[in-house]
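Student: First to last, the protein sequences are chains A and B. The first sequence begins at 149 in our numbering and counts up by one. The second sequence begins at 1158 in our numbering and counts up by one.
Mixed in with the good hints, there may be bad ones.
[Said to hold, decoys possible] According to the in silico footprint, chain B covers these stretches of chain A (three or more CB under 8 angstroms from chain B):
1. 252-264
2. 267-275
3. 344-357
4. 372-380
5. 475-488
In case anyone wonders, no lab produced these hints; they're calculated from the structure. Just so you know, even glycine gets a beta-carbon here, dropped at the ideal spot from N, CA and C.
Residues per chain, in single letters:
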Amino acid sequence: MAVASNGASTPKPAVPTTPVAQFSLDEELSAYKDMLLIRRFEEKAGQMYGMGLIGGFCHLYIGQEAVVTGMMRAAKPGDQTITGYRDHGHMLACGIDPKAVMAELTGRRGGLSKGKGGSMHMFSREKNFFGGHGIVGAQVPIGTGLAFANRYRGNDNVSFTYFGDGAANQGQVYESFNMAELWKLPVIYVIENNLYAMGTSVKRSSAEVDLSKRGSSFNIPGERVDGMDVRAVTAAAKHAAEWCRAGKGPIILEMQTYRYRGHSMSDPAKYRSKEEVQKMREEHDPIEQVRARLLANKSIDEAALKEIDASIRAVVADAAEFATHDLEPDPSELFTDVLQ
Amino acid sequence: MPTNILMPALSPTMEQGKLAKWLKKEGDKVKSGDVLAEIETDKATMEIEAIDEGTLARIVVPEGTDNVAVNSLIGIISADGESVSVAASSPPPAAAPVISKPSAPAPASVPPQPPPTAAPIARPPEPETNVPAGTQMVTMTVREALRDAMAEEMRRDETVFVLGEEVAEYQGAYKVTQGLLDEFGIRRVVDTPITEHGFAGLGIGAGMAGLRPIVEFMTFNFAMQAMDQLINSAAKTHYMSGGQMTCPIVFRGPNGAAARVAAQHSQDYSAWFSQVPGLKVVVPYTAADAKGLLKSAIRDPNPVIFLENEILYGHTFEVPKLDEFLVPIGKARIARQGNDVTLVSFGIGMTYTLKAAEELAKEGIDAEVIDLRTLRPLDEETLVASVKKTHRCVTIEEGWPQCGIGAEIIARLMLEAFDYLDAPVLRVTGRDVPMPYAANLEKLALPSVADVVQAAKAVCYKS
């Protein structure tokens, strides 16, 4: 039995695993930049939370960057993205302005939701990003409904519906699986298995730990993917999107990934060892993997990578600056947007 | 011993039906399990089977007869060797032996009234203000009006579709969606599995993606399974997105007590939903309002909770025959003008309230009756104007008293009409208990005409 990069044991996959795609230099660089933006953005959000600029709950995506970055490589205009509360990375991957995301985290009027949604509740009509959902699993039927709308309209768009290993035990997920397969809805269920639902490991919460098999009683195919390797994610995403666009119905991708930080900012993460986290960072980091390949091929040098890093840091610093100094919402906004 | 065949009830609320067809004729031998006849209501058809062997001695009610009362004698089976004349002369037994279901309770009787103390005041119902004079009126049931509203809106807007349990092939558990599948096909009339949480969320996603779903809950009791999606996803997303996301969706179905279905299937959710910002909550009483309000709800860009009532489905009213008949959401209707006391109700509560107003008129109390029609947003203006005129108010609802619609109305009147009140406002509500099954207890748990009359007299200081 193989061991996946996030340490989960890997039984035989439900469908043959898609071979890892080979990236061109441009693809490597593009993925590197996208993932690094998420990493630096989340690091900054963590700092700002510590300074009291961000309130409430704040769930960081650090460690999981390859998942959404790879998935977005299979998306085309009109496709929808929807996820749970660990959503900052998804918004950046959808091309949403980092300033608007960061200003929402700080609850300012320039935030994506005018400061009324916060970390867990952000949306972008323009970028087809449907949230940002704070209730575990609630995005799954909604994402299935987005796919229903695609089928109703007869287009070939796909709903990219993300949820975690914790949400994978929610009843509404299985209600959605049933309808999605029954009506052959174009939805990719991306299970981001970071091994811990808050503090409860998959092994302690799930009778069947191979989450790619969770659709088997509905005849939904599933695949386990190394979610720390952006090339593997990309290949699986492209295969899944083709499956959906061909009218074959839903498909499940279990992304074996890992979050370095706690569940939220207030989680000391005592349910796992420091060594476990350290091992993941050193051996499987999604960004370092790309960086190592780029340097090994001598296709790019350290200086060029430093330049990329500096430009991304500048984007994040701008976002933080804006989010720190933008005004809070006008008090009159209290009563707006309740109804249309 | 002859066996009397009685008209069975197909549902807890059925009071009469059509004897559609006899499948046996007089003189035919029958044995247990043979289908004797078919009966129909506007929502279902069912077969009557024989449970004893014998001969169909007499057909009392011929086929094709409408409005046959539940429990009335429709035919007689004689045991072998018995003569028809013997069978026909037997008195009907107390129980209905040929049906498997218990019969429906008799309609609630109007309590005995004291003799009138003043000249009766007769007031005609108020006409709809938005209907042009001379408009032709069509008599139809609430059920038909709801169906017509959906069909008209589906013809008008291709993005409107119906989703729910048994809405398509079965033609609706309560036959509200009857005929929609034939006209619009399976793409737009979608049968779901029994998964309220899932299909409510799916509908919300489709709504967010720009379609206009009508999600039918077989009853709102089952919508509790979907409460998280209704409140956390549908109601709040527009606000949480700073106005970016909209969810034009209607959740509709029967709400409140039906008859003899006990606590889990008899609950009025009016107060629950009306507490939630981000929702609109509509509770029609008449067929015209059911039609006009449902059409408005389907066109509304917000999530609308549309609370129907199983007992009202079969009630008939006049509906204006207009190509475009819309009733605005958020506007109450003065169902009866009066000067002495304001009676405020909505939905099925209007049945008690209007009857009570007639009783009060006989005693010289001239009640104004307000049908709220929409609970959120509440038409405070109409309410306050009426109370400023009458100086007295009683609220009537089937829901529980604590934090109910009556409680809310009283709070608002304290703020907006305190100085105009000549008596404390009283509430008539369902009793503060889960709905009991037993017929007598159920009747006691629900408001009655007598309750409303008593409360109205109390606030008028006339006992």
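Student: None of the hints should be skipped; say for each whether it holds.
Tutor: Cross-check of the supplied hints:
1. 252-264: Answer holds; 6 residues pass the 8 angstroms Cβ test.
2. 267-275: With 5 residues in contact (Cβ-Cβ under 8 angstroms with chain B), the coverage given for the region 267-275 of chain A holds.
3. 344-357: Violated - the region 344-357 of chain A has 0 residues with a Cβ nearer than 8 angstroms to chain B, which falls short of three.
4. 372-380: violated (count 0)
5. 475-488: holds (count 5)
Against the hints set out earlier in the document, violations occur for numbers 3, 4.
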